[in-house]
Structure formats: structure tokens, C-alpha cells
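Engineer: Those sequence lines, one after another, are chains D and A. When we follow the working numbering, the leftmost residue of the first sequence carries the number 1, and every step to the right adds one. When we follow the working numbering, the leftmost residue of the second sequence carries the number 1, and every step to the right adds one.
Source of the hints: derived by calculation from the structure; they are not laboratory data. On a predicted model such as this, the values are computed, not experimentally measured, just so you know. Some hints here could point you the wrong way.
[To be verified] Computed list of chain D residues with no C-beta within reach of chain A, every gap over 12 Å:
1. PHE8
2. ASP9
3. THR22
4. PHE46
5. ARG77
6. SER109
7. MET139
8. PHE152
9. VAL169
10. ARG207
11. LYS212
12. TRP214
13. THR227
14. SER243
[Claimed, not checked] Listed next, with one range per pair, are the computed distances between beta-carbon atoms:
15. A:PHE274 - D:ALA233: 32 to 40 Å
16. A:MET54 - D:THR195: 14 to 22 Å
17. D:TYR121 - A:LEU268: 44 to 52 Å
18. A:LEU268 - D:ALA44: 20 to 28 Å
19. A:PHE274 - D:ALA44: 16 to 24 Å
20. D:ILE45 - A:MET54: 53 to 61 Å
21. D:LEU89 - A:SER218: 46 to 54 Å
Just so you know, even glycine gets a beta-carbon here, dropped at the ideal spot from N, CA and C.
Residues per chain are reported as follows:
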Amino acid sequence: MTTAVDRFDDEARRRVEAHGRTTVHEGELLRHPVYTRLLHWSVAIFFLLAFFSGFAVYTPWLYRAFTPIFGGGPMTRLLHPWFSLGFVLFFALQILNWANPMRWTRADSRWMKRIKAYVAYEEALEPDDVGFFNGGQKMYFWTIAVCALIFFISGLPMWFPRTFGRLVVAVSYVLHDISALLMLVGFIVHLYESTAQQPGTFQAMTRGSVSKRWAWTHHPAWYRDATGRDPRADYERALAAESDRREG
Amino acid sequence: MPSGTLQIRAISGHTGPVPGAGVHREEEVCKYIDTTTCIGCKACEVACVEWNDMPFAQTTFDNTYQTMPSTAWNYWNLIKFNEHPRDDGSLMWTMRKDQCMHCEDPGCLRACPAEGAIVQYSNGIVDFNQENCIGCQYCVTGCPFDIPKFNSTTKKVYKCTLCSDRVGQGLEPACIKACPTGCLKFGTKVDMLALAEKRSEQLREHSGFANAGVYNPSSISGTHVIYVLHDATKPEMYGGLPSNPTIPTTFTFWKSFAKPVGLLMALLAAPVAFFHYIAEGPKEAQPPSRGERHE
Numbered sequence: 001m002t003t004a005v006d007r008f009d010d011e012a013r014r015r016v017e018a019h020g021r022t023t024v025h026e027g028e029l030l031r032h033p034v035y036t037r038l039l040h041w042s043v044a045i046f047f048l049l050a051f052f053s054g055f056a057v058y059t060p061w062l063y064r065a066f067t068p069i070f071g072g073g074p075m076t077r078l079l080h081p082w083f084s085l086g087f088v089l090f091f092a093l094q095i096l097n098w099a100n101p102m103r104w105t106r107a108d109s110r111w112m113k114r115i116k117a118y119v120a121y122e123e124a125l126e127p128d129d130v131g132f133f134n135g136g137q138k139m140y141f142w143t144i145a146v147c148a149l150i151f152f153i154s155g156l157p158m159w160f161p162r163t164f165g166r167l168v169v170a171v172s173y174v175l176h177d178i179s180a181l182l183m184l185v186g187f188i189v190h191l192y193e194s195t196a197q198q199p200g201t202f203q204a205m206t207r208g209s210v211s212k213r214w215a216w217t218h219h220p221a222w223y224r225d226a227t228g229r230d231p232r233a234d235y236e237r238a239l240a241a242e243s244d245r246r247e248g
Numbered sequence: 001m002p003s004g005t006l007q008i009r010a011i012s013g014h015t016g017p018v019p020g021a022g023v024h025r026e027e028e029v030c031k032y033i034d035t036t037t038c039i040g041c042k043a044c045e046v047a048c049v050e051w052n053d054m055p056f057a058q059t060t061f062d063n064t065y066q067t068m069p070s071t072a073w074n075y076w077n078l079i080k081f082n083e084h085p086r087d088d089g090s091l092m093w094t095m096r097k098d099q100c101m102h103c104e105d106p107g108c109l110r111a112c113p114a115e116g117a118i119v120q121y122s123n124g125i126v127d128f129n130q131e132n133c134i135g136c137q138y139c140v141t142g143c144p145f146d147i148p149k150f151n152s153t154t155k156k157v158y159k160c161t162l163c164s165d166r167v168g169q170g171l172e173p174a175c176i177k178a179c180p181t182g183c184l185k186f187g188t189k190v191d192m193l194a195l196a197e198k199r200s201e202q203l204r205e206h207s208g209f210a211n212a213g214v215y216n217p218s219s220i221s222g223t224h225v226i227y228v229l230h231d232a233t234k235p236e237m238y239g240g241l242p243s244n245p246t247i248p249t250t251f252t253f254w255k256s257f258a259k260p261v262g263l264l265m266a267l268l269a270a271p272v273a274f275f276h277y278i279a280e281g282p283k284e285a286q287p288p289s290r291g292e293r294h295e
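Produce the complete structure using the sequences and hints provided.
Structural biologist: If you want it as C-alpha cells, here you go:
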């Protein structure tokens with residue numbers, strides 16, 4: 001199973017990589033290759049389309065604001081399930097692409113316990129066992145995966161109400177809404193953390209590279225794997241060099 | 001009988017007050033259907049199709065007098081024929097005119113997310129405005145009587161209007177006008193209920209229908225179409241008339257909690273993120289190249 005997934009993902013990556021490049025400058029590391037970036041932004045585009053067309057119909061407060069974007073109420077309703085199918089399709093590929101780095105480990109459970117320290121910036125560097133993704137990122141990822149599944153399963157009865165029973169459809173409305181709300185919370189946090197809150201993160205998904213400083217700060221274990229060097233020692237050295245420069 | 005412009009009481013997918021609501025007092029209207037005097041002549045079906053200018057629908061033959069299995073997007077009024085075996089083994093034939101019941105608490109309107117696609121007039125008529133309909137078919141799920149029907153070509157939902165266009169002009173609905181036996185009547189809800197009670201009493205006392213009664217289900221706060229039934233304890237024998245029609249209970253949770261409260265709670269993430277930034281600032285890659293002082 002895993003090998004088949006790996007083979008499929010490797011093949012997809014190889015084909016896409018042939019048509020793109022990632023420039024890694026001096027002092028930088030490759031974070032997300034071309035295939036991952038293309039997947040992420042395909043997911044993002046379909047997500048936003050499904051998000052706005054969905055919330056247009058979600059509540060009267062947003063109906064007048066969002067339906068004109070898609071050419072009115074009927075078009076919004078018509079397009080929403082198709083946008084969503086695009087989202088589900090690309091997210092499925094994203095799961096194949098990230099199944100390994102997103103695997104939950106004991107380090108992630110430890111990370112969740114010290115989330116308060118993370119939010120309050122108590123330490124300069126993340127703990128040494130934080131790898132390519134931290135516990136929060138993994139939790140967001142798997143929440144989206146579960147929500148996408150619920151969206152898909154509850155969306156079908158909503159799309160074809162007469163094929164399913166009245167009760168099934170009525171319950172589907174609630175499930176569809178709850179997963180939309182969960183996803184909304186996750187999305188807001190994701191948006192904040194990847195832009196304003198962590199300078200240097202956004203370029204990981206656009207250009208594909210990050211600075212080494214960024215890597216040892218936010219993902220020390222990944223830094224060690226990628227460079228074979230000790231993140232904390234490199235940080236101390238940079239810190240010393242920084243204070244030398246300022247004094248001298 | 002009411003006349004003049006129809007005044008709106010409730011609008012689907014609408015926020016804020018309903019324009020014009022309560023400006024003048026209006027009597028609630030009601031269609032009275034006496035199943036005990038219906039002869040199943042289908043004159044009401046023809047009058048409905050004719051007045052609403054719909055093409056004649058294809059009929060199907062299933063070895064009974066049933067014209068077609070159910071109402072359709074272009075066939076809003078249908079006599080349901082039922083052969084009901086009595087306890088003594090003899091056969092009883094029931095005929096019921098099936099159409100929108102114009103519920104006092106309409107599940108279709110509660111479910112509808114499109115502003116102005118479904119309105120309820122002060123006189124109790126529940127009406128669909130196809131120009132505002134988005135074709136989501138939530139009303140199909142909301143309706144306890146399986147009345148709204150989707151047209152996959154126009155992507156809109158249709159149903160009986162209780163001839164709101166005629167009633168607004170002081171006329172009775174087309175089906176009422178066509179009925180030859182007088183089993184259909186139209187008037188105020190109060191008058192029609194009184195008439196139905198009187199007729200039920202007559203059936204109970206003089207015609208041997210001990211369980212005769214009025215169908216005006218309280219589970220949806222009553223309807224603006226009421227039936228006189230030979231046996232009000234078994235509405236199911238009249239072609240699947242539900243004895244306790246309900247709007248799915250999930251609707252209340254869905255519409256009054258999950259949507260408004262849930263959305264506000266979810267959106268709280270935005271100010272939390274914003275004020276986190278204001279209070280803590282960004283988490284720079286360490287060490288920041290410009291030097292850093294914590295205050």
C-alpha cells in the first residue's frame with residue numbers, strides 16, 4: 001500500500017519537477033519542491049472557491065455579499081459542488097504527497113502539551129525534536145482531511161436529496177456546517193501563522209526555500225536531518241556573530 | 001374573503017425586519033377539503049393545470065384510478081386514490097386531493113437559504129418566487145408532505161401557490177371554483193375550521209364514522225389546507241398523509257444554533273489572531289539580524 005502510494009507520488013513529483021525549478025540561495029534550504037507547491041495552491045484555489053460559494057449560501061448575512069462573485073444565487077449553488085470536488089481531488093493528492101511527513105509521532109504529542117509556550121514565544125528555538133512539521137501543523141492537516149471527508153460524505157445527499165432519505169439529508173446539513181466551521185477556524189489560524197506571525201514562512205510555499213535561520217528556529221530536527229548540523233550550536237554561533245557585528 | 005395586495009409575514013433567507021409586515025390586519029385563509037364527499041372527478045386537477053398555464057402531464061397506468069404516482073413540478077394538484085381494507089374485510093375507497101398544505105410553520109421556508117425565494121403571506125399562504133430560487137432543494141427536505149418538486153431543466157422548485165394570484169384579487173383558488181360536489185371550500189381559517197368541525201360531528205353522529213375528524217396537524221402549528229377525514233386517527237390510509245408531520249429536529253439546531261452562533265464562534269479566531277499579533281508581534285527566525293530587545 002505505502003509503496004504503491006510512494007511510487008505514484010514519486011512519479012507525479014518527477015513529471016511535475018521536469019517543468020519547474022526551485023532556486024535555493026546561499027544560506028537557504030529547500031523546503032517545498034515544485035509538485036508540493038502546485039498541489040498546495042491548487043488545493044488553496046479550489047478551497048477558496050468552495051469556501052466563498054459555500055458561505056454565500058450558509059447564512060443570509062453573507063448571501064448578498066458573496067453570491068454576486070459567482071454570478072448570482074443559482075450559479076453559486078450550481079458551481080459549489082464542482083469547486084468542492086476539485087478541492088477534494090487535489091487534497092487527496094496532497095495527502096498522498098504528505099502522508100509521511102504528516103505522520104503523528106510522540107514528539108507531536110509533547111508539542112501539543114507545550115502549546116502555551118509556543119503561543120507566548122517563551123523560547124527562542126522550538127524544541128529539538130520538532131521535525132519537518134510541528135504538532136500544530138499536523139493537527140491542522142488531519143483536521144482538514146477529516147473535514148474534507150465529512151464534506152464529501154454529507155455533500156452527496158445534499159446534492160441529490162431525493163436519492164437519499166429526508167432524515168439523512170437533514171443530518172447532512174448539520175454535519176456539512178460543522179465541518180465548515182471547523183475548517184474556518186483552522187484556515188484563519190493557518191493564514192495568520194503562515195504570513196504575519198512567522199516572517200519567512202510564506203516564501204516556503206511560493207519560492208520553495210527558507211533561510212537556515214528559519215529552519216533551526218521553527219523546525220530544528222528537520223534542520224539537523226537536512227544539513228547534518230546541530231541546530232542549537234549553529235544558532236549560538238549566529239547569535240555570537242550577531243553581537244560581534246553590533247559591537248564592532 | 002380577503003382582497004387587496006398580499007401582505008408578507010415571513011421571507012426566506014432574510015435578515016432584519018420584514019417590510020410591510022403588520023401594517024394592516026388580515027384574516028387567515030384556508031382551503032377546506034371534505035374527503036367524504038369527494039368523488040375523484042379530477043376537475044380540480046384540470047382547473048389547476050389550466051389556471052396555472054401548465055402543459056398537460058403524461059399519465060401512467062398502474063391498474064388503479066391513480067392518474068400518476070405523485071404531484072410534479074408542473075402538476076401541483078393530484079387526487080390520491082386508495083383502496084383501504086376495512087376491519088370487516090370489505091373495501092373502502094378513499095380519495096384525497098393532494099397539494100401544498102400551506103403550513104403555519106413551513107419547513108420549506110425554514111430550510112430555504114435564498115433571500116425571498118419563499119414567502120409566507122399574512123393570510124397564511126406560502127408561496128415560491130422562482131426568480132429568487134437557487135435550486136438547492138433544501139425545501140424538499142424541509143417539507144413533511146413531499147410537495148416541492150425540482151425541475152432539472154430550469155433548476156428551480158415549484159409547488160401549489162394556493163392561487164395567491166387569484167386570492168390577492170379577491171377570487172377563490174381555481175380548484176375550489178371547479179369542484180362540482182362542494183367538497184372544496186375556501187374562506188377564513190376560523191370559518192373553515194368551524195365548518196369542518198360541524199361536518200365531522202355530523203359524520204360521527206349520523207353517518208357511523210365514529211372516528212371522523214379534522215386534519216389540521218398541531219405539530220406544524222396547523223395548516224391552511226384542512227381535511228375532513230372519515231377516520232382522523234388513520235390519516236396514513238389517505239395516500240400517506242402523515243399523522244404527525246414534523247420538520248426534522250436537526251433543523252432547529254442547524255438554523256438557530258450551528259449557523260449563527262457557530263459562525264460567530266469560528267470567526268472569533270480572527271480577532272484572537274489579530275490581537276496575538278498586536279500583543280506578541282511576529283516570531284522572527286532567530287537570531288533576528290537587526291538585534292532584538294524585549295521590553
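Engineer: Now look at each hint and say whether the structure bears it out.
Structural biologist: Hint check results:
1. Distance check for PHE8 of chain D against chain A: the nearest CB is about 35 Å away, which clears 12 Å, and the non-interface claim stands.
2. Non-interface call for ASP9 of chain D relative to chain A: holds, since the shortest CB-CB distance, roughly 29 Å, exceeds 12 Å.
3. Every beta carbon of chain A lies more than 12 Å from that of THR22 of chain D, the smallest distance being close to 19 Å; the non-interface claim holds.
4. The non-interface label for PHE46 of chain D is consistent with chain A: the shortest C-beta to C-beta separation is roughly 20 Å, beyond 12 Å.
5. Distance check on ARG77 of chain D: its Cβ comes as close as 4 Å (rounded) to a Cβ of chain A, failing to clear the 12 Å threshold; non-interface status is violated.
6. Remark: the non-interface label on SER109 of chain D is consistent with the geometry, its nearest Cβ contact in chain A lying 22 Å away (cut-off 12 Å).
7. In this structure MET139 of chain D is separated from chain A by more than 12 Å, as the shortest Cβ-Cβ distance comes to about 14 Å.
8. Residue-level check passed: PHE152 of chain D sits 18 Å from the nearest beta carbon of chain A, beyond 12 Å.
9. With a least beta-carbon separation of about 4 Å from chain A, VAL169 of chain D fails to lie farther than 12 Å from that chain, contradicting its non-interface assignment.
10. Separation of ARG207 of chain D from chain A is adequate, the least Cβ-Cβ distance of about 15 Å exceeding the 12 Å criterion.
11. Residue-level check failed: LYS212 of chain D sits 9 Å from the nearest beta carbon of chain A, not beyond 12 Å.
12. At the 12 Å boundary, the C-beta of TRP214 of chain D falls inside the reach of chain A, the nearest C-beta of that chain being 4 Å off.
13. In this structure THR227 of chain D is separated from chain A by more than 12 Å, as the shortest Cβ-Cβ distance comes to about 15 Å.
14. Distance check on SER243 of chain D: its Cβ comes as close as 8 Å (rounded) to a Cβ of chain A, failing to clear the 12 Å threshold; non-interface status is violated.
15. Hint check: PHE274 of chain A to ALA233 of chain D, Cβ distance near 37 Å, so the stated range 32 to 40 Å holds.
16. Checked against the given bound of 14 to 22 Å, the beta carbons of MET54 of chain A and THR195 of chain D, roughly 56 Å apart, lie outside it.
17. TYR121 of chain D and LEU268 of chain A have their C-beta atoms about 22 Å apart, which leaves the hinted 44 to 52 Å range violated.
18. Distance hint check for LEU268 of chain A and ALA44 of chain D: the Cβ-Cβ separation is about 23 Å, which falls inside the suggested range of 20 to 28 Å.
19. For the pair PHE274 of chain A and ALA44 of chain D, the beta carbons lie near 21 Å from each other, so the given range of 16 to 24 Å is met.
20. At about 43 Å, the beta-carbon gap between ILE45 of chain D and MET54 of chain A misses the expected band of 53 to 61 Å.
21. Under the hint 46 to 54 Å, the C-beta atoms of LEU89 of chain D and SER218 of chain A, about 48 Å apart, fit the expected range.
Of the numbered hints listed earlier, those contradicted by the structure are 5, 9, 11, 12, 14, 16, 17 and 20.
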